[in-house]
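Whenever a hint applies, use it, and build me the whole structure from the sequences.
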Amino acid sequence: MNILIRMRKAFAQEMPFFMALPAFVWQMLFLYIPLICVVALSFLHINQQFSLSSLTLSNYGMLHNPLLWAVIGRSLLLAFCAACTCALFAYPVAYYIALHTNRFKNICIFFLILPFWTNMLVQVYAWFFVLEKNGLINTLLLNMGFITEPIRFLNTAGAVYIVMVYCYLPFMAMPIYSILDRFDKRLIEASLDLGATPWRTFLHITLPLSYSGIRTGFFLVFVPAFGEFVIPVLMGGGKKMFVGSLISYYFLAALDTHRGAVFTVISALILLIVSLMLNKFLKWLINVFVGKGY
Amino acid sequence: MEKTIPATSKALVVSVALIYFFLYLPIFVVILFSFNNANYPYVWSGFTLKWYQELWYSVEVWDALQNSLIIASSSVILSLTMGVLVVWYGSQSILSRFVGMFYGTLAAPEVVLAVGLLTLFATLTVELGFISLIAAHTLLGLGYVVPMVHAAFHGLNKSLAEASLDLGATRHQTFFKIILPLLRPTLFAAGLLVFIVSLDDFLISFFCSGSSAQTLPMYIFSMIRSGSTPVVNALSTIMLLVSSLFVLSFSFLHVRRLGWRL
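Protein chains in written order, with our numbering: chain E, 1 to 294; chain Y, 1 to 262.
Be aware that a few hints might be false.
[Said to hold, decoys possible] Covered stretches of chain E, as calculated for chain Y (at least 3 residues, CB under 8 Å):
1) 8-18
2) 108-115
3) 121-134
4) 262-271
[Stated by the list, open to error] Derived contacts from chain E toward chain Y, CB cut-off under 7 Å, selection only:
5) 22
6) 23
7) 25
8) 27
9) 30
10) 31
11) 66
12) 70
13) 96
14) 223
15) 230
16) 251
17) 253
Honestly, the hints are just simulated from the structure, not real lab data.
Yeah, the Cβ is synthetic: ideal placement off N, Cα and C, and Gly gets one too.
Written out as structure tokens, the structure is:
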């Protein structure tokens, strides 16, 4: 009896711990343990009986295949180009909404984030109508007489790239906007008053101050674009493999989970390393462009 | 602010207009062709509503929608409940040091999460279906709820909770009478976001759903792959309408909280 009361008291004292516990358990069980499982799987020996067997490095032998590295390199390049283009497109929009709109601000924001809340498949599907053999662009070009026969846009890397920029644009625009919206506009006025040209003001005041927004946006685009599955499969026709499509090929089509696990681990590692390096590089770039004072 | 950058202003306006055009051209075309009276979807041949009618009588769409709604609402409820408990009770226990754990979900590419979950379910021999999808979507939801609610909680005036505890309210009473009402707008916004994330998610559903629980995005994916029909356009148009309603209510919540005018 005594013990029971003591236990109840202890429980009451530790109640916050037990109330907060479920989410932690959930997070461990469904995020961290699965990741460990994948790493473990990549080190397990393949055998026919599907029983637990010895640890091995032999799965990693597949890394001699240069095609895998080509897939990873292609995905990195695509993700990098998409992120840069998104930054180039999103910056003027975010800048305009944050600094140049008054009455229409909310409407502009609404139309900027609406695609983000719309299913990505719908967005990808929409591009079929623009890029198809007898879609919008080809019809226009044919009618205007620029081309004599339709250009093939679908199932090319270019289509994957365009649609990726389209789908991830809001991810870049929102962080930049939220930084630009908050920062002290009097700095711009002061710079202009003191005789700096608009461009100089932009390069030395606005751009450095919005740098953190660009960086956040860059990684919000870069990381998911690297592992993107839907866009390469639908727009690229599944001909050119990207990391996302190759991983799902291993797991769902070839049912070769060991190799799939190796490839997942390697591409995640490379993504991590490249992201860290890019982070350093972006910092260096802004320093070079803006010079001292940042 | 009109005089901020006078020289580039015109170029800026033009480029912004072009980018909005780029954003809305495909959407406009999809909506247009949902009313097109032809099987072959790329030539305009008159106005019709028959694709909406066909969509209405399609059994598969309703099944997929029902599955999606069940999964989305369960994961909203689960992730909101667990998330708000973590933020309030976790802040008073040793677990508060590990809140960083919840920021990991968004840092990993989705395909890695999907592969991990599939491996876990295969290892535990859990049958793929509703249970596995709800578990996965709740994980995604926690990745949004905990950071949002955590930020809002730390923006609250600390003395309110302290006063309540000082004046003799228990932790539970403080939670229900003080914290929960103060966090209500954030909880609504987070719940809405999780709902839409769950409805939108394709990749994790693709990996973890098995054959029993086809969700709406999976249905759309299989329709697109087997060749587009205007029914998909009709469905897309409706989904666009629904998501604009969601955005409106989401921004209304946010706008009110931040004190902007709409």
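message = Holds or violated: the hint that residue 223 of chain E contacts chain Y, with Cβ atoms closer than 7 Å.
response = holds (6 Å)
query = Once the shortest beta carbon distance from residue 251 of chain E to chain Y is found, is it less than 7 Å?
reply = Hint on residue 251 of chain E: holds, closest Cβ of chain Y at ~6 Å, below 7 Å.
message = Under 7 Å is the threshold here; is the Cβ of residue 70 of chain E close enough to any Cβ of chain Y for the hint to stand?
response = violated (18 Å)
message = Interface hint check: residue 96 of chain E, Cβ to nearest Cβ on chain Y, cutoff 7 Å. Holds or violated?
response = With a minimum Cβ separation of about 5 Å from chain Y (threshold 7 Å), the hint on residue 96 of chain E holds.
task = Verify the interface restraint on residue 27 of chain E: the C-beta must sit less than 7 Å from at least one C-beta of chain Y.
result = holds (5 Å)
query = At a threshold of 7 Å, is the proposed contact between residue 30 of chain E and chain Y supported by beta-carbon distances?
reply = With Cβ-Cβ at 4 Å, under 7 Å, it holds.
Interface restraint verdict for residue 253 of chain E against chain Y (beta-carbon cut-off 7 Å) = violated (12 Å)
request  = Return the status of the interface hint for residue 31 of chain E: holds when the least beta-carbon distance to chain Y is below 7 Å, violated otherwise.
outcome  = Nearest chain Y Cβ about 6 Å off; hint holds.
Satisfaction of the residue 230 of chain E interface hint, Cβ to chain Y closer than 7 Å = Hint holds; residue 230 of chain E Cβ to chain Y Cβ min 6 Å, cut 7 Å.
ask   = Can the hint on residue 25 of chain E be confirmed by a CB-to-CB distance to chain Y that is less than 7 Å?
value = violated (9 Å)
Per-residue hint verdict: residue 66 of chain E, partner chain Y, C-beta under 7 Å = violated (22 Å)
ask   = How about the stretch 108-115 of chain E: do at least three of its residues have a C-beta closer than 8 Å to a C-beta of chain Y?
value = holds (count 7)
In this structure, the earlier hints numbered 7, 11, 12, 17 are contradicted, and the remaining ones agree with it.
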